[in-house]
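Using the sequences plus the hints, can you model the full thing?
Protein chains in written order, with numbering that gives the first Met the number 0: chain A, 0 to 174; chain B, 0 to 118.
Watch out, some of these pointers could steer you wrong.
Stated by the list, open to error - Now the stretches of chain B that chain A is said to cover, found in silico as 3 or more residues with beta-carbon under 8 Å: (1) 20–30; (2) 33–42; (3) 57–67.
What the hints assert, rightly or not - Residues from chain A shown here face chain B by an in silico Cβ test under 7 Å; the list is partial: (4) Asp112; (5) His113; (6) Ala147.
Just so you know, these hints were derived from the structure itself, not from any lab.
All of these numbers come straight from a predicted model, not from anything done at the bench.
Where a beta carbon is used, it is the ideal one built from N, C-alpha and C, also for glycine.
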Amino acid sequence: MPDAVQGPAPVDNRLLVEVPSLPANAELCRVAVAVFAAALPFTLGEIEQLKVAVAEAVGNCVLHAYPDEPGRVALRARFDGGAVIVEVEDWGLGIADVALARQPSYTTSTDPDHVGLGFAFMEQFTDALEVVSAPGRGTLVRMRKRPADGGHSRRTGSGAAAPGETAPQGPSGEP
Amino acid sequence: MGALQITREVRDETLVVRVVGDLDIRSAGTFRDQVDEWFLASHHRRLVLNLGRITFLDSTGLGAILGRVRRVQAAGRQVVLVPPGGVARTVLDVAALGRAVPIYRSERAALDEEAQADA
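Right, dumping it as structure tokens:
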């Protein structure tokens, strides 16, 4: 006898959004993915984690792919085996050395406020991160996230810790 | 989600800055400029940054917080934080801010601490 009843399994839904790389669209994209992913049994904390990961991917398009003027950003999402897969693609400057760019605290920016943790957050807040890039051609970021309760996940943190509770320390490192 | 609101209150030599809403790529510049104007251009000795009602924090917002901490400390003044909850707290913790700045669980605690230090 089940102790809880879930709603119907998610249909074969898909999301495709194309926006210019404006700072305001980082919010539009993270909210769109949050609504889309809510079809899976994510906790609110996990949805918030996903929002940060998407915001970082779109933020990279705004700051780094198209530093001079806004360019095209495609946001795609789909479901796969109980996980959500989110892709953020641009056709901007691209990244010469992806492994280097993924290092925590690496940044090409001269702004002293830029901390270079965008990829670190994408990695920490999702289950898998792929980055495909070519200089002058653009970058594709693909992230996968599964609800921790939806299977035997290694993740235990809901991300919904109360103020003062200890949260996971530090980025998870290179895969 | 919520638009950023920043307010200030002067308590003797302390400036309390309260940040409410989303601190992200869109609003980080506003936060930076406002705090720099209110605090760095003032004569307050101590800054209490109350981040307790931040609803969303990304790496750009985190960078703006870190940048203010560095600038206040470089000016020989004191800064303390009241952290947000949830995932925003996790984002803050990734930068190990607790090593650089005293963190208080509430604004009250941050202000009481100051009263004791001054006594």
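| Are there three or more residues in the segment 57–67 of chain B whose C-beta lies within less than 8 Å of some C-beta in chain A? | holds (count 8)
| query | Minimum Cβ distance from His113(A) to chain B below 7 Å? | reply | holds, 5 Å
| Annotated coverage of the segment 20–30 of chain B by chain A, confirmed only when three residues or more have a Cβ within 8 Å | holds (count 5)
| Within the segment 33–42 of chain B, is the number of residues with a Cβ closer than 8 Å to a Cβ of chain A three or more? | violated (count 0)
| said: So, as I understand it, the hint says Asp112(A) touches chain B; can you test that by seeing if any CB pair is closer than 7 Å? | reply: At 4 Å from the nearest chain B Cβ, Asp112(A) passes the 7 Å test, so the hint holds.
| request: Using Cβ atoms only, decide whether Ala147(A) comes closer than 7 Å to chain B, and label the hint accordingly. | output: This hint is violated: Ala147(A) lies away from chain B, its Cβ roughly 14 Å from the closest one there, beyond 7 Å.
When the structure is compared with the earlier hints, violations turn up for hints 2 and 6 and for no others.
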